[in-house]
Amino acid sequence: LNALFDKSTTKVQKNSICFNLTPTVFPIPGLWSLEYKRELTSPLCIAAAQGFSECLQYLLEHGAHPNLIAGGKAALHEACANANTECVELLLEHGANPNQMTDEGLTALHLCRTPQSLRCAKALVRYGAKVNSPSEEEEETPLHVASRHGLPHHAQLYLRFGACVNHGSSSGETPLGVVCGVAPEKTDNSQDEQYLEICRLLLAYGAQINLSDEERRSPLHKAARNVQLKVVELLLDHGADISAIDYNGCSPLSSVLQSSVVRQGWEPHRVVQTLLNRGSIKVWPQALLKVLTACAEAPKTVEILFNSYTLVPVTSKWVEAIPEDIFHLHRTFYESLFALEYKPRSLQHLCRSALRKEFGKNCCSLIPRLPIPKPLEQYLLLEPEGYID
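Per UniProt numbering, the sequence shown runs over residues 1 to 389.
Hints listed in this document are in silico derivations from the structure and should not be mistaken for laboratory results. Check before you lean on any hint, since a few could be wrong.
What the hints assert, rightly or not - Below 27 angstroms or equal to it, Euclidean Cα-Cα: the simulated DSS-like pairs (lysine-lysine) are:
1) Lys-374 to Lys-290
2) Lys-230 to Lys-317
3) Lys-282 to Lys-230
4) Lys-374 to Lys-317
5) Lys-230 to Lys-361
6) Lys-282 to Lys-343
7) Lys-317 to Lys-282
8) Lys-343 to Lys-357
9) Lys-357 to Lys-374
10) Lys-130 to Lys-230
11) Lys-317 to Lys-343
12) Lys-343 to Lys-230
13) Lys-374 to Lys-361
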């Protein structure tokens, strides 16, 4: 019952079950991997991984060892990785160690990575699993895992049972830093809400909002770079340092500018607008040409950033920095921008700049209170119009 089986062999031996590994199939039809990986397993691990609870119970009742490591994992690890709750409970009832680690240094809680594994996590905690047990290599806790995979119910479970909300991994990553460092898919709005919910939960349990990793990147740096607008707003509402500088000399504003083209579908200009309306330090004016070159495909971002300055001289170098195809694609905007070459800005813009300078970091809260028409309010808040006045 406790025999180890070699999954890669094709020869059937006495008292063993043999499996052939499925060769890796590449996108090109007919292309197969020539390498086979040798793996060991056991009857108990197979039953746990496949969710065969009756088979698992039979094996346990006839002497199968619940903590036997086969192929780097015990049966409990396999059951959790595949969210087989009934198998998890059976193994724990028969003495499986909830804190046993895989050969890679992960506990069963680290392997609860899907919404379906919540009941597995609850069973583990009930049987004494340590919620603050770090992985061996990266020193991440189960709370880090729940944060990375967008599992608010798992996170809440661990926090209720005493998870350390500010535990730093080997690279200095806190759970809050992890969740802010995730780049959700644009098509999955529910995923955005899950990550936002985890952020709220971590902050409610006392997460230190400005703790940075080994590169001095704060949660706000990461949320801005990944264009998580709602998370950025939440962090700022809770006192995040809007002008923090990492080891590369980047502020949160610089971080989102670096993503303005590759994550354009996420509307990075909204994050730029929010940061500027909350008092972010600006890009050094002499570096704007470099920013223009990098962000040319994101004219809304360029417009908002340009309008945050009272006056920036537009030169012929700016014209040369824009590729011809991008210029034609956004012709209206770039013609209005280049028309300002060696010319002053409009009186209306100068008045906007004076008012924004007076309000400073409170632009976002004070401007909406002014008794002015909505279009003027939006103008003061740097709402993009598609051209430069």
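Taking the hints in turn, this is what the structure says about them:
no. : hint               : result
1   : Lys-374 to Lys-290 : violated, 34 angstroms
2   : Lys-230 to Lys-317 : violated, 36 angstroms
3   : Lys-282 to Lys-230 : holds, 21 angstroms
4   : Lys-374 to Lys-317 : violated, 36 angstroms
5   : Lys-230 to Lys-361 : holds, 18 angstroms
6   : Lys-282 to Lys-343 : holds, 22 angstroms
7   : Lys-317 to Lys-282 : holds, 21 angstroms
8   : Lys-343 to Lys-357 : holds, 22 angstroms
9   : Lys-357 to Lys-374 : holds, 20 angstroms
10  : Lys-130 to Lys-230 : violated, 32 angstroms
11  : Lys-317 to Lys-343 : holds, 15 angstroms
12  : Lys-343 to Lys-230 : violated, 38 angstroms
13  : Lys-374 to Lys-361 : holds, 20 angstroms
The structure does not agree with the numbered hints 1, 2, 4, 10 and 12 stated previously, though it agrees with the rest.
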